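If you read the protein sequences in the order shown, they are chains A and B.
If you read the first sequence in this note's numbering, its first letter stands for residue 32, the second for the next number, and so on.
If you read the second sequence in this note's numbering, its first letter stands for residue 3, the second for the next number, and so on.
These aren't lab readings, by the way, just hints derived from the structure by calculation.
For clarity, every value in this text was computed on a predicted model and none was experimentally measured.
A few of these clues could be false.
Only part of the chain A face toward chain B is listed, based on derived beta-carbon distances under 7 Å [to be verified]:
1) Asp582
2) Phe597
3) Leu601
Reference listing, derived: stretches of chain B covered by chain A, where coverage requires no fewer than 3 residues with Cβ under 8 Å from a Cβ of chain A [as the list claims (entries may be wrong)]:
4) 70-82
5) 111-118
6) 178-191
Cβ coordinates follow ideal geometry from the N, Cα and C atoms, glycine included.
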Amino acid sequence: MYPYRAPLREIRFTLHEILHAAHHYADIGREDLNAEFIDSVLEEAARFAEGVVAPTNEAGDRIGVRFEDGQVITPPGFKDAYERFVEAGWAALCGPEEFGGQGLPESFGGPVGELFVSANMSWKMYSGLTDSAVLCLERHAPEHLKQLYLPKMVAGTWTGTMCLTESQSGTDLGLLRTRAEPDGEGTYRINGTKIFITSGEHDLTGNIVHLVLARLPDAPAGTRGISLFLVPKYLPDAAGEPGEPNGVSCGRVEEKMGIHGSATCVINFQNARGWLIGEENAGLKCMFVMMNHARLWVGLQGLAQAERSLQASLAYARERRQGRAARGGEAGTPADLIILHSDVRRMLLTQKALVEGSRILTYFAGLQMDKAAYHPDPEERRKAGDLLAILTPIVKSFVTDAGVEVTSTGIQVHGGHGYIRETGVEQFLRDTRIACIYEGTNGVQALDLLGRKVLGSGGQLARLLGGLIGAFCQNHAGYEELSDYVPRLAGLLKAWSEVTERVAQRAARDPEEVGAAAVDYLQLTGYLCLAWCWAKVAAVSIAALKREPADRGFYEAKLATARFYFTRLLPRADAHLDALDAGAEPVMALAAEHFG
Amino acid sequence: MRKILVGVKRVIDYNVRIRVKPDGTGVVTDGVKMSINPFDEIALEEALRMRERGEAAEIIAVCIGPDDAQQQLRTALAMGADRAILVKHDGPVDPLVAARTLHAIAQKESPALVIVGKQAIDDDAAQTGPMLAALWDRPQATFASKVEFKGETLVVTREVDAGLETDEVDLPAVITADLRLNEPRYVKLPDIMKAKKKPLDVTDLASLGVDAGSPAQVVRWEPPAQRQKGVMVKDAAELVDMLKKKGLI
Numbered sequence: 032m033y034p035y036r037a038p039l040r041e042i043r044f045t046l047h048e049i050l051h052a053a054h055h056y057a058d059i060g061r062e063d064l065n066a067e068f069i070d071s072v073l074e075e076a077a078r079f080a081e082g083v084v085a086p087t088n089e090a091g092d093r094i095g096v097r098f099e100d101g102q103v104i105t106p107p108g109f110k111d112a113y114e115r116f117v118e119a120g121w122a123a124l125c126g127p128e129e130f131g132g133q134g135l136p137e138s139f140g141g142p143v144g145e146l147f148v149s150a151n152m153s154w155k156m157y158s159g160l161t162d163s164a165v166l167c168l169e170r171h172a173p174e175h176l177k178q179l180y181l182p183k184m185v186a187g188t189w190t191g192t193m194c195l196t197e198s199q200s201g202t203d204l205g206l207l208r209t210r211a212e213p214d215g216e217g218t219y220r221i222n223g224t225k226i227f228i229t230s231g232e233h234d235l236t237g238n239i240v241h242l243v244l245a246r247l248p249d250a251p252a253g254t255r256g257i258s259l260f261l262v263p264k265y266l267p268d269a270a271g272e273p274g275e276p277n278g279v280s281c282g283r284v285e286e287k288m289g290i291h292g293s294a295t296c297v298i299n300f301q302n303a304r305g306w307l308i309g310e311e312n313a314g315l316k317c318m319f320v321m322m323n324h325a326r327l328w329v330g331l332q333g334l335a336q337a338e339r340s341l342q343a344s345l346a347y348a349r350e351r352r353q354g355r356a357a358r359g360g361e362a363g364t365p366a367d368l369i370i371l372h373s374d375v376r377r378m379l380l381t382q383k384a385l386v387e388g389s390r391i392l393t394y395f396a397g398l399q400m401d402k403a404a405y406h407p408d409p410e411e412r413r414k415a416g417d418l419l420a421i422l423t424p425i426v427k428s429f430v431t432d433a434g435v436e437v438t439s440t441g442i443q444v445h446g447g448h449g450y451i452r453e454t455g456v457e458q459f460l461r462d463t464r465i466a467c468i469y470e471g472t473n474g475v476q477a478l479d480l481l482g483r484k485v486l487g488s489g490g491q492l493a494r495l496l497g498g499l500i501g502a503f504c505q506n507h508a509g510y511e512e513l514s515d516y517v518p519r520l521a522g523l524l525k526a527w528s529e530v531t532e533r534v535a536q537r538a539a540r541d542p543e544e545v546g547a548a549a550v551d552y553l554q555l556t557g558y559l560c561l562a563w564c565w566a567k568v569a570a571v572s573i574a575a576l577k578r579e580p581a582d583r584g585f586y587e588a589k590l591a592t593a594r595f596y597f598t599r600l601l602p603r604a605d606a607h608l609d610a611l612d613a614g615a616e617p618v619m620a621l622a623a624e625h626f627g
Numbered sequence: 003m004r005k006i007l008v009g010v011k012r013v014i015d016y017n018v019r020i021r022v023k024p025d026g027t028g029v030v031t032d033g034v035k036m037s038i039n040p041f042d043e044i045a046l047e048e049a050l051r052m053r054e055r056g057e058a059a060e061i062i063a064v065c066i067g068p069d070d071a072q073q074q075l076r077t078a079l080a081m082g083a084d085r086a087i088l089v090k091h092d093g094p095v096d097p098l099v100a101a102r103t104l105h106a107i108a109q110k111e112s113p114a115l116v117i118v119g120k121q122a123i124d125d126d127a128a129q130t131g132p133m134l135a136a137l138w139d140r141p142q143a144t145f146a147s148k149v150e151f152k153g154e155t156l157v158v159t160r161e162v163d164a165g166l167e168t169d170e171v172d173l174p175a176v177i178t179a180d181l182r183l184n185e186p187r188y189v190k191l192p193d194i195m196k197a198k199k200k201p202l203d204v205t206d207l208a209s210l211g212v213d214a215g216s217p218a219q220v221v222r223w224e225p226p227a228q229r230q231k232g233v234m235v236k237d238a239a240e241l242v243d244m245l246k247k248k249g250l251i
C-alpha cells in the first residue's frame, strides 16, 4: 500500500489562494484564525494522520471488526489511535468551548477532516458521527442533558450514533415502527430494532450515546409522528460516569463490500430509557441538523478516498514502464513510463480535475456553515444558509459519485495490479462506494436538490447559486487570457438557468418529471459548480504566474488541469442537458411488467 | 531554576525530494514544505521532558532564518517551548554563524543548557554544537542518546563508533541530540491554540552583534549522480565473483 502523504500544498492553495479563508474568518469575528494558524493546525493534523492513523488502514480492511458474544472488537490499532486522537484534542476540534471543545468554526472540519478520512475512512467514522450528534444536541437538547453528555461527547470519550433506519424503513422514514412510551418519570421507554447503525457498538469508548427516532403511542402516521430520543448504552450514574446497562444491545454486525473497520450494527432497544430531544413529533426536524452536517461529511469521504487513489495512481504511473510512448521513448530503457501514454494521462488528469475541483467545492460549502451561524449581518447569514441548503445535496452526491469514478479509474491506471489487493487501490473504491448510499442515497439527494431546494423555493435558491457564478463571470469578462474559460462558463450557466425553467414548467404538468430529471439535473449542476471552481483556479493561476513564482510548475499544472476540465470533462454537461430535455417520457414509457 | 536554550533549524521537510536549482546556486525551496530539523525536534523534546520532571523552568527555542521561520517556531511553542526568538537572516545558515548567534543569545539568557540536534538534515555539517561549546568555552557532549541530571552535572550517554560512551559534564553545557535520545511527541490541538499567545521575539544578526561572515564558501551545488540500475545475482558465489570483478573486494 502506498503511504499516505497529506496534500498540504493543495489544501493551502484551496484555502488561501482560492477561498481566502483568513478573510472569511475575520468576517465572522475570528481574526485570530490567520493563515499562519491555519497552517499550523493543518501541519500537525497531517503529522497525526500520516503517522498514527494511516498505518491502521490496511489492517482495518483486512481484519475488519469482529463480533463476539454481543461485543464488537475493532481492528488492531484502532483503539490506540482513537485514544491518542482524543488525548491530542483532535476530537474536540469544532466542539463548543462551553463544553470543553476548541471552538474552531465548523469549516475547519473540512480540511482537517479530509486528512483523517484519507488516512482511514472507517476509523474516522467513529468520531465523525459524534460531531454531528453534538451539533444536534447543542441545538435541541434541554440544558441538563447538555451538561451531562456534551463534555464527554465533545472530548470524544463517549461517541454518538444516529439511529434512523429499520428493516422496513430506509429511505422512507415515515414507515418506522420503534416505539417510545412515557414511563411516568418524565422519560420514555424505547422498544424496537434499528439496522445499519454506524458505530452502534464498539470497544473504543466507555459509553455510546444513541440518538433514536421513534413513535409516541398517540403519534400521527408518517413522518409527522416521529420523535427524537437520546438513549445511552449505559445510564450515567450520579457522578456522570457509565453506570447500569440500559437495555441496548447489538444483535449483529454486517459484512460489507468495504469500510470493514467500521461497525455497522443491528441495535436492539428493549425497554431502554430515553430522553426526548426537541418537541414531540418534531424529531425529524431535529435530526435534519445532524443529517445535513453528516451529508457534507459524506461528500468529504468521497473526496478523501479519491485523493488517496490519485496519489497512488501518480506514484504508479511514474514508476511503471510498459510499451513505447507515441512520440518515441526514453533512450536506454526497454519501455516508457506509463505517465507518458496519452490514455493514462487522460485518466490521471480526470482524477486530478475531479479531486482538486471537488476539494474547492466541498471546502466552500463548509465555509457557508460558519457564515450561516456567525456572520454579524443577518442578511449574510440567511444567504449563506440558503447557499448551504442548495450546495449540500450537490456536495454529497456529486463528490461521492466523483469519488467512485476516481477510485475506479485509479484501479484502471494500475491495470491487473490494481485489481489485486497488494497495491491497496481497490480498497479505496470499496470504501468509498457506500458514500453514494448512506445519509440519503444520491438519488434522494438529487430529488432534494431539484424538488425541494430548486422548485420548492420557487427557483430562489437556484438564482442565488446562479447569481454567484454569474457575478464571477461578470467580474472576469473581457480578459483575453480567460477566454477559454469565462465565456464557456457563462454559456453553461445560461443553459442551466434555461433548462431549470423548462424542467419546472414540465414538472408543473407532469408529476413524474422531477424524479426522472433529478439525477441528470444534479450532475449538470455539479459540473457547472466545478467549472466555476476551475475557472477561479485559472484566474488565480494566471495572476500568480505573472508574479514569476519559483514554483511555476504548480501553477502551470493548475492551468493545464483547468484546460483539461473545460475541454475534456465539461462536455459531459451537454449530455445531461440533452437528457433533461428528453423529459420523463422515455423513462416512464416501459411498463413495469415488460422490463424483462 | 534552569533555563534551556534549544536551537531549531528550518529545513526542507524530510519527505520532500530535493531539487538543485539549474544554475547550481542552491536547492529549490519556494513552494516546498519546510519543517523543524528532525534532530532539533528531538533536542526540544528532551528539554520538554526535563521541564516536565521539574529539572528545568523555562525553555527558549531559537531559530535563525527568514520571516517564514516563525511557522517552525510556532510549532516549537505548540510542542511546549515557553518562548521563542527568531533571528532574521535570509539564505543558508552557516554553522559558524549559527554558533556565534547561539553564543550571543546564551550570553544574554545565561541558560544552564543548550541543546541542539547533532546535525541538520540539509547540510549535515554537525558543527554548530561543537563550535558553540568552543566559543562559549563550556563543556560539550555530542551525539547524546541518554541524558540525566546528577546534581549540578549532567550524565550523558553518547553514541560513538565503538559503542556507547558515558560522560559527565559540568553546567552550563552544550548537548547535541542523537536519533535514539527520544521520540518527539505529537502536538496537541489545545497547545497549538495556546502557542498563538506565547511570546515570539524577532531580532537579527546585527542587533545581536553577530559577524555574518564565514571562512567557508559554498562554491556550487549539484545533484548526486543518478544511481545505476542494479543486477540480480542468483547466489552468493556469483555475488562474490561480481564484487571481485569490480575490484571491490
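How the hints compare with the structure:
no.: 1; hint: Asp582; in the structure: 3 Å, holds
no.: 2; hint: Phe597; in the structure: 25 Å, violated
no.: 3; hint: Leu601; in the structure: 28 Å, violated
no.: 4; hint: 70-82; in the structure: holds (count 5)
no.: 5; hint: 111-118; in the structure: violated (count 0)
no.: 6; hint: 178-191; in the structure: holds (count 4)
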